[in-house]
Amino acid sequence: MEGADIPCLPRGVRLHHDKVRDAWVLLAPERAVRLDPIGHAILSRVDGTASFDQITADLAATYNAPQEQIAGDAAGFLNALRERLFLEVA
Amino acid sequence: MAWTKPQIREIEC
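In order, the protein sequences belong to chains A and B. Position 69 (the first sequence) corresponds to 69 in this note's numbering; numbering is contiguous. If you count the second sequence from 1, you need to add 90 to reach this note's numbering.
What the hints contain is simulated information worked out from the structure, not anything from laboratory work. Since the structure is predicted, the reported quantities are computational estimates derived from the model, not experimental observations. Be careful, since some hints might not be right.
[Claimed, not checked] Among chain A residues calculated to face chain B with C-beta under 8 Å, some are:
| # | residue |
| --- | --- |
| 1 | G3 |
| 2 | P29 |
| 3 | V33 |
| 4 | R34 |
| 5 | L35 |
| 6 | A71 |
| 7 | L81 |
| 8 | E83 |
| 9 | V89 |
[Stated by the list, open to error] Per label pair, the in silico range of CB-to-CB distance:
| # | chain 1 | residue 1 | chain 2 | residue 2 | range |
| --- | --- | --- | --- | --- | --- |
| 10 | B | E100 | A | E88 | 27 to 37 Å |
| 11 | B | I101 | A | A4 | 27 to 37 Å |
| 12 | A | P10 | B | I101 | 11 to 21 Å |
| 13 | B | A92 | A | R11 | 26 to 36 Å |
All C-beta atoms, glycine included, are put in the ideal place defined by N, C-alpha and C.
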C-alpha cells in the first residue's frame, strides 16, 4: 500500500454493525471478518476518494500518534484484506 | 482511545 493509493471496498463488500456481538464486521458474499475498533476506524475512512496518505494523516491527528507508525500498521491491515479480496486499490 | 495494531478475525463455519 503506497501513499497515493486509494483503497475502496469492492462491489458487494460493506461495513456492518453486528448488534449481537456489538462489533463491526466486514461482510462479503458468504464471508465475513470481525474488526476491532482500530480496524473500524481505518475502514470507516475508506470511501473510494481518500488516499492512503490522507487516511493515515487523519488517523494520526485523531489518535495523536506518529503517522509513520499508523501507516505501517494500516498498510499491513489493508494488505491483509486486499489479499482476501475484501478490499481493492484504485 | 490509544492507537493499537488493528486486528482482523475471520468468521468461518
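Evaluation of the provided hints:
1. G3: violated (18 Å)
2. P29: Violated, because the Cβ-Cβ distance from A:P29 to chain B comes to roughly 14 Å (cut-off 8 Å).
3. V33: holds (5 Å)
4. R34: At about 5 Å, which falls below the 8 Å cut-off, the nearest Cβ of chain B leaves the hint on A:R34 intact, so it holds.
5. L35: Holds, because the Cβ-Cβ distance from A:L35 to chain B comes to roughly 7 Å (cut-off 8 Å).
6. A71: Constraint on A:A71 not satisfied, violated at 11 Å.
7. L81: Because about 7 Å separates A:L81 from the closest Cβ in chain B, which is inside the 8 Å limit, the hint holds.
8. E83: Status violated, d = 11 Å.
9. V89: Violated, about 17 Å.
10. B:E100 <-> A:E88: 27 to 37 Å: violated (18 Å)
11. B:I101 <-> A:A4: 27 to 37 Å: At roughly 32 Å between Cβ atoms, A:A4 and B:I101 fall inside 27 to 37 Å, so the hint holds.
12. A:P10 <-> B:I101: 11 to 21 Å: Holds - the Cβ-Cβ distance for A:P10 and B:I101, about 18 Å, lies within 11 to 21 Å.
13. B:A92 <-> A:R11: 26 to 36 Å: At roughly 35 Å between Cβ atoms, A:R11 and B:A92 fall inside 26 to 36 Å, so the hint holds.
The structure shown violates the earlier hints numbered 1, 2, 6, 8, 9, 10.
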